[in-house]
Amino acid sequence: MHIPEGLFYTKEHEWIKIENNLGEIGITDYAQNALGDVTFVELPKIGDKIKQFEPFASIESVKAVSDVYAPMSGKVIKINEKLSTSPELINKSPYEEGWLIVIEIADKKEKENLMSAKDYKKYLEEIV
Amino acid sequence: MQLIFEKSKKGRKGIKLPDLDVAQEEISEKYKREKAPNLPEVSELDVIRHFTKLSQLNFSIDTHFYPLGSCTMKYNPKFAEQIANLEGFLNLHPFLPYILEDTVQGALEIIYKTERLLCEITGMDAFTMAPLAGAHGELTGLLLISAFHKHYGKKKKYVIVPDSSHGTNPASATVCGYDVIVIPTDKDGCMDLNIYKEKLNEEVAAIMLTCPNTLGLFNPHIKEIADLAHKAGALMYYDGANLNAIMGKMRPGDIGFDIVHLNLHKTFATPHGGGGPGAGPVGVKKELVKFLPIPRIIKKGNESFTLKFDCPDSIGYISPFYGNFIVILKAYAYILLLGKSGLMAVSEHAVLNANYIRVRLKDYYDLPYDRICMHECVFSAKKQAKNGVRAIDIAKYLIDKGFHPPTVYFPTIVKEALMIEPTETESKETLDRFIETMIEIARLAEKKPQILKNAPLTTPVKRLDEVKAARDLDLRWKP
Amino acid sequence: MSYIPHTQEEVEEMLKIIGVSSIEELFVDIGEELRPKSFNLPEGKSEFEVKEDIKKISQKNNYSLIYFLGGGVYDHYIPAIVDTLSSRSEFYTAYTPYQPECSQGILQTMYEYQTAICILTDMDIANASLYDGGTALCEAVMMALRITERKKIIIDGGINPIYQKMLFTYTANLPLEIIKLPPNIGQADRDKIYKHLDEKTAAIILQNPNFFGTIDDHTDIIEKAHSFGALVIESVYPISLGLIKTPGAMGADIVVGEGQSLGIPLAFGGPYLGFLACKEKFVRKMPGRIVGATVDKEGKRGFVLTLQTREQHIRRQKATSNICTNAALCALRAIIYLSILGKEGFIELAKLNYYKSEFTKKKLREIGIEIINSPTFNEFVVYLKKDANEIAKIMIDKGFVAGLPLGNFYKGMENYLLIAVTEKRKKEEILNFVETLKDAINL
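Chains as they are written, first to last, in my numbering: chain A, 421 to 548; chain B, 35 to 513; chain C, 18 to 460.
Chain A extracted, bound-state conformation (with noise of 0.2 Å):
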């Protein structure tokens, strides 16, 4: 399982990359796999607001549809539009191209109810 350094994440396997007041936002290695091939994916508008630990997208595959938590609150600035044609790179590459949204990070003390790497690895090893 690939869990890249400098990331933050969270218990329902969502991550987030932060560079000054922004934030991407994706779902972990584990959380595709798990998911199957991606099928659909919905986002939110640019302009939503979503808040921490809240479903603001879902993820379709041919086994299920999960909700995406967010890992911490903020506006929606950028969606990743590549996503309605190639739901696919969610699995082939969920930590880079497979990207869901970034948004403008409205209370950075939110990171501290997130995990880093090397917890969410102890994490998973717990659960799975």
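I should point out that these hints are in silico values taken from the structure, not numbers from a laboratory. Here the structure is a predicted model, which is why all the values come from computation and not from measurement. Heads up, a few of these hints could be off.
Here are the simulated distance ranges between beta carbons [said to hold, decoys possible]:
#, chain 1, residue 1, chain 2, residue 2, range
1, B, D220, A, S478, 23 to 33 Å
2, B, P513, A, K495, 29 to 39 Å
3, B, Q36, C, E297, 16 to 26 Å
4, C, N57, B, I485, 50 to 60 Å
By construction, the Cβ of each residue, glycine as well, lies at the ideal position given by its N, Cα and C atoms.
Following the hints, position chains B and C against chain A.
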């Protein structure tokens, strides 16, 4: 195989309609259809060959062993088909009794008598035959529950379901405006009694259970669960999908269930039709009779039947008429054919057959709950995962061997689930052949897993790309 | 007769292998206190005896009446081939095609059926059928609520009254605002609709022809609804679509209806066939089963159930609906029916219905009966000088079902009768009917 649209030839006609014996009239351009509908232009022989060949691409009970767990794929008596074609029933318009009830006394009698028989089979006080399918029956049941609580001024928010429940249970609860509380299954394969006691509260409207449950296991604490529910002011709902296991051995109405739905297309052998139509009649205890949907069919005097619309507490109409009448008729014929001993024998042999399979396969497949099962048993393909073989691969190989696969990946609480329901109508030779094939599969999973992963090879199409089907949606033919 | 093949020897062999000495031991989990308080059913009988009994009951029905009765369910001719093909047990003893490789027969017929519904209605996509026209309408409303995330529904005064009642029952526990416009025999009352149409409206429900048989062009209403971000649900009568403007051409968002007229017998109420079609952009919000085309690993075309993740067996609480079964066998009958009728036959059939209905109206006018609505397809309302139910009763004695007395559904309409005329009504039958009706009124 080509689509019927692809066989179309301009100008070909399939049918001769009656000659026009009255004047032609113009219809205003404003209301006219703009372009002619591109329906196929084929001959009658084209249609016969097309659909006959298509029928031969299907597995069915009449051609293959079909142990789909949870579906009760038992033999469908042909006699019932013949009864369904009796002229006296087929040509009746459902609005006739609104004009003159005398014209349909026979039809009303069938519905009424079926209701009474189902009451006796399940221990309930009254039935509505109106729900058009099992899930529709569940929705009706939940609407009844909600009307009941509203009537007595009780504020209820939740419905409790075990995590092994059929997906229609929580879905129906949600459609009805309830939040769902899910109780995990314990190590003996039953709803965890302690967690149930914890989560049960005065805001719970109902507990939805099937008994035996979807693991094919009977919960011996069922009466305690019912008593606790009633103390908390909640109703007990019985999902009758598994009734085939307990006829004559137990009646939900006797052990504390307030509402029951049945699946006539499962237990009562009305055919599944390739996915429908079915019927999901709902039975209730007398406290709930006044909420039943209208119209109700009531007996007047000796042998005359009438529709009752004047039920002020009724939840209203859940279907436009009286239910799927032809399905009800087939179930009625089935019950009359089998009778008391026949129905008891059905459950006894359904349970016998499932246990036979359980015992003979338990050394080859992981059996999550190693105890006596009822009419179906659930295995897990966990052991076979060693070499990357999954339940789906086992299913596909079974197809090559001439068996319709059991249900896979349900119930969701068992990983790589294989849910096998043989039913009572299968012979020992068929069961033995199936068992031997499953044993062969276990061996192949060890030694030659690739053979399983390549299956099926003998079907009209090989493994289909379901991901592509969901990504590149192609839901209709286009010229 | 219970269709159980086991011999006593086989049962004993099986019990031995299981490790119990009797079948009763397998029911050990059901304790004494859980056993039935009674199980008083009659004993089983032979096929012969049961057939005699049921046949006797069937004779208590008056099944040879000549129908001028519709109300959403019609007496159309069903070609023999529909019964022949749908009676093939490979079709009717199969189940839901969850294993596509051994279910290509059912799956392909469903794909063809979906295509046919799209062709009839001029819509982009259709599902593989729902239980009936009423539940289809309820599902369409739920779909509109999901899509718009609004809570207000406007029901036109020409919608099938029973379907309206079903909708109220179905949504009783949901926090909705349902505006039910007063019954309206004629074309949709735009003023009344627009009075309620606003940004809170999820959908307007229209029907064409409406319950009373009136036909209309709803394009203007649909445009106006869209300007408020509201959707339009059209409930339609399939045979009429051989002649009248389609809901797709009008711009409707979701189309539903009762498919009984497509080769399914009257059968005292069911099973019938609900169809649902919609615009492409709403595909993921559509309830029910959907069949899609794909390829197998060798590139050969095949069909599968798709978008199942919306359905109850995967999504559970978050499903688009609780639907499991569809009306597969009825949908099969419909696609066979539409195939045998074909393009020309379907148009001709619609015209036959229309012409005969217009002829009937002319003859009724000649005997002084007032036709209330126009234009109509094959169904219309007449005003009788007496109670319509009483007249209808007299007509039954004479062998005719004269129509649906509207007093059954609408207070104040006791003298109104809804008459339907299909291709099965010969000219002599119509003339005879009109004569008999004249006598019945003058009695």
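Here is how each hint holds up against the structure:
1. B:D220 - A:S478: 23 to 33 Å: holds, 32 Å
2. B:P513 - A:K495: 29 to 39 Å: Given about 46 Å between the Cβ atoms, the range is violated.
3. B:Q36 - C:E297: 16 to 26 Å: holds, 25 Å
4. C:N57 - B:I485: 50 to 60 Å: holds, 54 Å
Taken one by one, the earlier hints fail for this structure only at number 2.
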